[in-house]
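Using the hints provided, position chain R relative to the given structure of chain Z.
Okay, here's what each chain looks like letter by letter:
There are 2 protein chains.
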Amino acid sequence: MIDAALRDTGAAVDRMLDALLPPPSGPQARLFEAMRYAVLGGGKRLRPCLTVFTADLFGVARVHALRAGAAVEMIHAYSLVHDDLPAMDDDDLRRGQPTVHIRFDEATAILAGDTLLTLAFEVLADPQTHPDPAVRSELVRLLAVAAGGQGMAGGQMIDLMAEQSDLAEADIRSLQALKTGAMLAVSCTLGAVLGQGTAAERAALDGFGRDIGAAFQIADDLLDVEGDAAAMGKAAGKDAAAGKKTLVGLWGVDRARKEAYALADRAVARLDSFGAPAETLRAVAQRVVNRQN
Amino acid sequence: MIDAALRDTGAAVDRMLDALLPPPSGPQARLFEAMRYAVLGGGKRLRPCLTVFTADLFGVARVHALRAGAAVEMIHAYSLVHDDLPAMDDDDLRRGQPTVHIRFDEATAILAGDTLLTLAFEVLADPQTHPDPAVRSELVRLLAVAAGGQGMAGGQMIDLMAEQSDLAEADIRSLQALKTGAMLAVSCTLGAVLGQGTAAERAALDGFGRDIGAAFQIADDLLDVEGDAAAMGKAAGKDAAAGKKTLVGLWGVDRARKEAYALADRAVARLDSFGAPAETLRAVAQRVVNRQN
Numbered sequence: 001m002i003d004a005a006l007r008d009t010g011a012a013v014d015r016m017l018d019a020l021l022p023p024p025s026g027p028q029a030r031l032f033e034a035m036r037y038a039v040l041g042g043g044k045r046l047r048p049c050l051t052v053f054t055a056d057l058f059g060v061a062r063v064h065a066l067r068a069g070a071a072v073e074m075i076h077a078y079s080l081v082h083d084d085l086p087a088m089d090d091d092d093l094r095r096g097q098p099t100v101h102i103r104f105d106e107a108t109a110i111l112a113g114d115t116l117l118t119l120a121f122e123v124l125a126d127p128q129t130h131p132d133p134a135v136r137s138e139l140v141r142l143l144a145v146a147a148g149g150q151g152m153a154g155g156q157m158i159d160l161m162a163e164q165s166d167l168a169e170a171d172i173r174s175l176q177a178l179k180t181g182a183m184l185a186v187s188c189t190l191g192a193v194l195g196q197g198t199a200a201e202r203a204a205l206d207g208f209g210r211d212i213g214a215a216f217q218i219a220d221d222l223l224d225v226e227g228d229a230a231a232m233g234k235a236a237g238k239d240a241a242a243g244k245k246t247l248v249g250l251w252g253v254d255r256a257r258k259e260a261y262a263l264a265d266r267a268v269a270r271l272d273s274f275g276a277p278a279e280t281l282r283a284v285a286q287r288v289v290n291r292q293n
Numbered sequence: 294m295i296d297a298a299l300r301d302t303g304a305a306v307d308r309m310l311d312a313l314l315p316p317p318s319g320p321q322a323r324l325f326e327a328m329r330y331a332v333l334g335g336g337k338r339l340r341p342c343l344t345v346f347t348a349d350l351f352g353v354a355r356v357h358a359l360r361a362g363a364a365v366e367m368i369h370a371y372s373l374v375h376d377d378l379p380a381m382d383d384d385d386l387r388r389g390q391p392t393v394h395i396r397f398d399e400a401t402a403i404l405a406g407d408t409l410l411t412l413a414f415e416v417l418a419d420p421q422t423h424p425d426p427a428v429r430s431e432l433v434r435l436l437a438v439a440a441g442g443q444g445m446a447g448g449q450m451i452d453l454m455a456e457q458s459d460l461a462e463a464d465i466r467s468l469q470a471l472k473t474g475a476m477l478a479v480s481c482t483l484g485a486v487l488g489q490g491t492a493a494e495r496a497a498l499d500g501f502g503r504d505i506g507a508a509f510q511i512a513d514d515l516l517d518v519e520g521d522a523a524a525m526g527k528a529a530g531k532d533a534a535a536g537k538k539t540l541v542g543l544w545g546v547d548r549a550r551k552e553a554y555a556l557a558d559r560a561v562a563r564l565d566s567f568g569a570p571a572e573t574l575r576a577v578a579q580r581v582v583n584r585q586n
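Chains Z and R are the protein sequences, given in the same order.
Going by this note's numbering, the residue at position 38 of the first sequence is 38; the numbering climbs one at a time, nothing skipped.
Add 293 to the 1-based position in the second sequence for this note's numbering, that's all there is to it.
Accuracy of the hints is not assured; some may be wrong.
[Unchecked claim] Computed footprint of chain R on chain Z; a stretch qualifies when at least three of its residues, placed anywhere within it, have a C-beta under 8 angstroms from a C-beta of chain R:
| no. | segment |
| --- | --- |
| 1 | 27-40 |
| 2 | 81-92 |
| 3 | 111-117 |
| 4 | 146-155 |
Hints listed in this document are in silico derivations from the structure and should not be mistaken for laboratory results.
C-beta atoms are modelled at their ideal positions from N, C-alpha and C, and glycine is treated no differently.
In isolation and in its complexed conformation, chain Z is listed as follows (with noise of 0.2 angstroms):
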């Protein structure tokens, strides 16, 4: 059941990903050509997802909900094509295939990757995403916010010094809010946003994309454990051979698995007053908890 909504929904994300994403073609053409290959190469679509869902609870045009969805996921895959950098993480491949730098080159993934994420704001800041301009200001304005150095790019620079040094549990979490919660809370406010939802409601959307964002993070670090490398499309193990410090490594695997379970039940407590129509978002929780790849 969810796995089709997932499934269906990240399909429609993607063919709007492929409408929004330059033609490549004219003298630029290569810089086009990286950022749809770093789009549209696959990728579960959770981020996206969140937002479609989201916004389902307030009736959202399906057409608004997919394009601030393909926003986010432009910002999310931006984000990957920049970590992938030999500077950053220095990874050759991503979900089984060359990583952008690989595949292209290193100016072309900077840029690419820079150009992936200005057209996330010119996507939003266009009247084709919502005919209320202060809706439109202020989608840009939080996912300017989930993204920047309180957000995702603090918690990468965090997480590039803090291998070098020891990370107690607060710090970890701290650091994973911002690197990975900050966006997934963020792809469950833009629907409320949409939806010109109350700040209630903003706010129970935005407890719910932290808990999941960080059952996700655990689930993440149980699979680098102990999932299976064909699965998953990267080596697993790979956090413990560099060193990562991870809750599953600080906690041990039992203890991890309870603490993913847990929050995941405390992001479907969040949903209570939407009542049944939050039934696919419950799954979400549920599915981030239980996945193989």
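Just chain R, lined up with the frame of chain Z:
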């Protein structure tokens, strides 16, 4: 006169940038230090001055114009940080100082650029930049278009590829129109957006910005051929040594200087309908072709 206006407005832009950039504290302090180093290390502030001077034509509140100008300057600064990277132009010095990846490291430089780009849109979308959300949304959209694949980033992609091939005059012109012209043009149109000017006023200022952008680029290339390295803070003759194609290389110094003056004259003529209040902008156009650094 115009030098004093540029200096005073530039100082006000610097103060606004200092207020908008995050203080260098917290676990991601290194990121914020690098952003501040990239932005606050000098520069002529031509682009934000253009935003302020065009906004003045419409009586826009100074704080609104300075915030929009600061956002433009953040985008300009991010582009310099990324262009200077080893994988791009590989420059160790900028304005006589170590570039960001030399003073910090490559990963920090990539992230600082990303975060400046993101912060620019956060600033524009903030209600403090303008009370009307339609204005804020349009500021975001226009700046994203100018900085993106059909603007500055697209121009940088073409420039990177062009170094290995022959460029005709039309190619050089269109490359420069993207790489530097689009951002100079949007610096001017943002003033008209803030002032809720007519489409004709916006088009006149866009044309003004494109013309002085083209004139600015020729003046820059003339300085590279003839300039005093000490006044510029970078080595003269660098373009020719790098095999970079410029209009000055194609035309020779005398014709290039004439073309730059003709572009400045055309830019000035575009301001006729604004009358006496556009005197500062006219002086900027003349200053651009008469600069020594």
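Going through the hints against the structure:
1. For a cut-off of 8 angstroms, the count of residues in the segment 27-40 of chain Z with a CB near a CB of chain R stands at 6, and the three-residue condition holds.
2. For the segment 81-92 of chain Z, the proposed coverage by chain R is satisfied: 4 residues have a C-beta within less than 8 angstroms of a C-beta in that chain, meeting the threshold of three.
3. Note: the segment 111-117 of chain Z has 5 residues with beta-carbon separation from chain R under 8 angstroms; the three-residue rule is met and the coverage holds.
4. With 7 residues having a Cβ less than 8 angstroms from any Cβ of chain R, the segment 146-155 of chain Z passes the three-residue criterion, so the hint holds.
Consistency note: the structure conflicts with none of the earlier hints.
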